[in-house]
Amino acid sequence: MDTSTLFDFSPLVQDFDKIIAGFWATIRLTVMSAVLALVLGTVLAAMRVAPTPVLRWAGAAYVNVVRNTPLTLVLILCALGLSDAMQLTFSDEPSTNYYWWAVTGLSAYTAAFVCEALRSGINTVSVGQAEAARAIGLTFTQSLRLVVLPQAFRTVISPLGSILIALTKNTTIVIVGSYIEAAAQMKQMFDDYGGTIPIFLGFAFGYMVLTLPTGFFFGWLAKRMAVAR
Amino acid sequence: MQIRRIGVALIAAGAMVAGLAACGGGGPTSVLQKAKDEKKLVIGVKYDQPGMGLKKPDGTVEGFDVDVAKYIAGKLGVPESGIEFKEARSANRESFLKQGQVDLVIATYSITDARKPQVTFAGPYYLAHQDSLIRTDDTSITSLETLKGKKVCQVSGSNSWKNIAEGTNKMNQKVDVTLVPAGGYDECIQKLKTNAVDVVTTDDTILAGFAKREGNSVKVAGAPFTDEKYGIGIKKGDIESCNEINKIVAQMWSDGTAAKLLDKHFAGTGLKVETTAPQPAGCS
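Going down the list, the protein sequences come from chains L and B. All residue numbers for the first sequence refer to the working numbering, where the first residue is 1 and numbers rise by one. All residue numbers for the second sequence refer to the working numbering, where the first residue is 1001 and numbers rise by one.
If we strip away everything but chain B, and leave its shape as in the complex, we get (with noise of 0.2 Å):
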């Protein structure tokens, strides 16, 4: 009996080994194949961020990543139809790509050293700074350094907050805030509405989106301090790709059609958005 259940149990973690495997299988090789054969992609946005990816109440997406997306899958070939979104959130960005549940990720995502053994980045095909949100009748707050003794949100499941309090910004400078964590930038921006939080901050152009959302009781303060190089995630090691996709994003920028979609999401926010195409940084 006792022999019997365990070799019950073996089989059972045989199979899960065997089913993990077979995620990693199968399939075209790379993006660029899929596209030129299947005129399908499966594109990670995030569905949360106004201005950059957001989800409808009538189930479309919008935004700027939205729309790079949708130029980028129309270069390679792939209509509008056969474009499939699916939320990508922070956390599961990387485990998304590495096991194809999705082909590209275009979610503010971050082109960093920690991340680039785990992903292929294509891009950057924008340039985004980290920035402040704050009352727009709050004018002690102009540069990094004035941010010292304030009250900086700190979102749960986020990184921004450390590139104040432990310095790891452009200028290299600790600040001493004082930390209050909650749960999402909603519960933030409500903090920042009454005085609970002095400062919400992340990169300018998620700021510039909620300050859109927010009308005039927001704004974004203009002082940045950290550059954050917006990639195209591809599963590591499909450089043909990312080549590829380097091309298309040069074009975009060559083409006009990049400061078309940066004024037709941000036009009115105050985000002083970049006008010149980013340095590419290789694919590797």
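Chain L extracted, bound-state conformation (with noise of 0.2 Å):
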């Protein structure tokens, strides 16, 4: 077999200005659905815990939902259902429209798992901690948003951070979103170069220049934001 091609690591270095763009729109894509998703995923954990037993209802429908439809699904409804044939566009120009929507799509769907991982967070905390804000006179949202979920949430780092190494390479699924990210482009360069292991080899090592870091900082700052019971 002809193994010149086998080990060619050139296509990386021709198209390394291509290969970056992608990776740049696939961080893109990642910080702005993970700040959507801990935004949405912080509202429905609180929903999902509220004395009112209609949001209580939507929220674990809500999550019940998204949570088990592909993500695929999820993101051709938005790009060919809702901004194709529904004519919902966020801007006029493709490029613009469908990152918004990828980014919809994507925030949408992790919002879920966001608000699961925080739910489980809620429960460590001990019932009289939330007992003992109420006696003193805060209100429900009060209770939450200053004695619950700082400690909720510090105990749910760790899984929070494995949401977001979830969600960088959910991203590579986007195309059907009509959005090219750093995963459409080694299937362009696939096509340019043909199929060779080389290119497969440095868009994986891409991916983990951006997720092992991210796991190693989410480590490290569950270790020292840990709450001491």
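Keep in mind that the hints are not guaranteed to be accurate.
Calculated Cβ distances over 12 Å to all of chain L for the following chain B residues [stated by the list, open to error]: (1) L1032; (2) K1036; (3) G1077; (4) T1139; (5) K1151.
Lysine-lysine pairs mimicking BS3-like chemistry, simulated, CA-CA at most 27 Å apart [what the hints assert, rightly or not]: (6) L/K18 to B/K1150; (7) B/K1098 to B/K1034; (8) L/K187 to B/K1034; (9) B/K1098 to B/K1086.
FYI, nobody ran anything at the bench for these hints, they're computed from the structure. Backbone N, C-alpha and C define an ideal beta-carbon position, used for all residues, glycine too.
Take the two lone chains, each set in its own frame, and fit them into one complex as the hints suggest.
Written as structure tokens, this is what we have:
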């Protein structure tokens, strides 16, 4: 067999600028979706522990529907359904429009997981804390914001880190939502140079550069912020 | 302990290299020889292109490429039952041939200078052109220049958009278009029908197949801007088989089979089919 193309890493050098552009798109998708998912997930978690049954019911319904729908379908619904067929567009410029639709899909999906992680964190805060908060006259929102959530967040830093890593890798399918990131760039290079192992290895390495430090950082942060009980 | 572990790793690595090397060896040396001796051929075709190569729910494949494959195999002495079709995607055509997983690739495989060092091409057996698929009611697109400012679908893992946006076409003309990425041609056609893109571009043969499937909501613009010489991919260096297949291709055009097959697959699609045999490119 011809081994010269099997170990030819030159496509990675030749298309270096395109690869960097691809990963830059991955980072922009991940960061924006992570921020929005954290906000939406926190709201959902608050709904799921709220004293109002309607809020609890709505929160549970959202989580169960979105968490059990494949992300590919969520993204196709956003791009082909809402954006193309129903003409709900963020912008006339396709790259801006589909970026925001991809972010919408990713954060809506990830928020369900953030919500569940956070809810498990809330369950670790002892009931006495919430009761004491109510006893000194704090409202539900105040006790959640000032007493329960700060402690809950500190216990779920590790799982949130795992969710962020999963989100980073989930961006690889946003091509179905009409947005180009690193994985779509890789597919393009397969067509330009033929499907070769070096291109694949280069992109796998690129994802590790993004996700490994994320994992280490969240591990360190979890240890540092751990609640002593 | 450490040494033993390294030893095991070395043996494993050695076995892997040996395995890779074994992929290339063995078996008959030429396609011609294999067809004569075993009466069997493995042929790579597309599975997702209506009109050219499409796998149907019942497991059979149909299309112009498939019929060309059957004709060539028949002339090489292989009965239809001796042909095994395999899906050849654009990204794995070269490696399939190199590793001997297929004997021939007949899968809208354009003869290009970039591919010549890796593959021996027989043919071309058809001269296709890159064209645009547009909405039937769209009268604004009549030539390459009129694509200016239009939204063009950029299919993931395909280079067709470059011929417009980067000027690698017959007219050497760079046209300023807005690219809209999509995962595949089916998504592109969905976007075309909902006005999210104005143009889906690739070879006219493939577009004609889609136009036929979609009924009269989309049409081929009929404004070609490249020449795509469809070749028959053979393992690099198998010149003997290449020359023989070239003779069969010439025969396919002279006995009227090519015209008949084109009519069978593309009648009524608006595709302007080529009626004469393409100039042979020679084997190398």
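Do the hints match the structure? See the list:
1. Non-interface status of B/L1032 relative to chain L is upheld: no Cβ of that chain comes within 12 Å, the nearest being about 22 Å off.
2. For B/K1036, the non-interface assignment is confirmed: its Cβ lies about 25 Å from the closest Cβ of chain L, beyond the 12 Å cut-off.
3. Distance check for B/G1077 against chain L: the nearest CB is about 28 Å away, which clears 12 Å, and the non-interface claim stands.
4. With a cut of 12 Å on Cβ distances, B/T1139 stays outside the contact zone with chain L, its closest approach being about 22 Å.
5. For B/K1151, the non-interface assignment is contradicted: its Cβ lies about 6 Å from the closest Cβ of chain L, within the 12 Å cut-off.
6. Annotation: proposed proximity of L/K18 to B/K1150 holds, straight-line Cα distance about 23 Å (limit 27 Å).
7. A hinted pair counts as satisfied when its Cα atoms are at most 27 Å apart, and B/K1098 with B/K1034 qualifies at roughly 16 Å.
8. Of the supplied pair hints, the one linking L/K187 and B/K1034 is violated, its CA atoms being roughly 34 Å apart against a limit of 27 Å.
9. With a CA separation close to 15 Å, the supplied pair B/K1098 and B/K1086 stays within the 27 Å bound.
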